[in-house]
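Undergrad: Sequence:
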Amino acid sequence: MALSKTEKRQKIKRRVRRNIFGTAEKPRLSVYRSNKEIYAQIIDDNSGVTLASASSREAGVEGAKTEQSTTVGKALAAKAIAKGIETVVFDRNGFVYHGRIKALAEGAREGGLKF
1 MALSKTEKRQ
11 KIKRRVRRNI
21 FGTAEKPRLS
31 VYRSNKEIYA
41 QIIDDNSGVT
51 LASASSREAG
61 VEGAKTEQST
71 TVGKALAAKA
81 IAKGIETVVF
91 DRNGFVYHGR
101 IKALAEGARE
111 GGLKF
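Numbers 1 to 115, taken from the UniProt record's numbering, label the letters of the sequence shown in order.
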């Protein structure tokens, strides 16, 4: 039986998450991409707490979807740096590192995050 698109992504996500873990010193930057929006969170997996988050649903995020992703990455980086977070582990959440996911990562790097 063939796997659906979401089942394939979940399988990839489980495989990637075996090796990625966010700590208080180096939290995990998790990305979720839907058809219309993009969401990103910085998570401390030890305590199970979201330290910072940003999405394309926030005010001031406009333009094409790729441009929105870059803006979200920069906004998340600004929030993280304000809380004293400089380095993160990037979790692409089973999505291919291409297009909007790559744009968000580059926006976060431009904003000052290191990963």
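Don't read these hints as lab results, they were simulated from the structure. The reader is advised that the hints may include incorrect statements.
[What the hints assert, rightly or not] Straight-line Cα separation of at most 27 Å, DSS-like style, residue types lysine-lysine; simulated pairs: (1) K26 with K5; (2) K36 with K8; (3) K8 with K79; (4) K83 with K8; (5) K102 with K11; (6) K79 with K13.
[To be verified] Listed next, with one range per pair, are the computed distances between beta-carbon atoms: (7) N46 with I81: 36 to 46 Å; (8) L3 with A24: 28 to 38 Å; (9) G112 with S4: 14 to 24 Å; (10) H98 with S4: 29 to 39 Å; (11) E25 with A78: 14 to 24 Å.
Glycine included, C-beta positions come from ideal geometry on N, C-alpha and C.
Undergrad: Taking the hints in turn, state whether each one holds.
TA: Hint-by-hint comparison with the structure:
1. K26 with K5: violated, 31 Å
2. K36 with K8: holds, 20 Å
3. K8 with K79: violated, 32 Å
4. K83 with K8: Since the Cα atoms of K83 and K8 sit roughly 35 Å apart, the hinted pair is violated (cutoff 27 Å).
5. K102 with K11: holds, 20 Å
6. K79 with K13: holds, 26 Å
7. N46 with I81: 36 to 46 Å: violated, 21 Å
8. L3 with A24: 28 to 38 Å: Roughly 36 Å apart at Cβ, these two residues keep to the hinted range, so it holds.
9. G112 with S4: 14 to 24 Å: Check failed, 38 Å falls outside 14 to 24 Å.
10. H98 with S4: 29 to 39 Å: violated, 20 Å
11. E25 with A78: 14 to 24 Å: Given range 14 to 24 Å: holds, Cβ gap about 20 Å.
Hint compliance for this structure: hints 1, 3, 4, 7, 9 and 10 are not met, and every other hint is.
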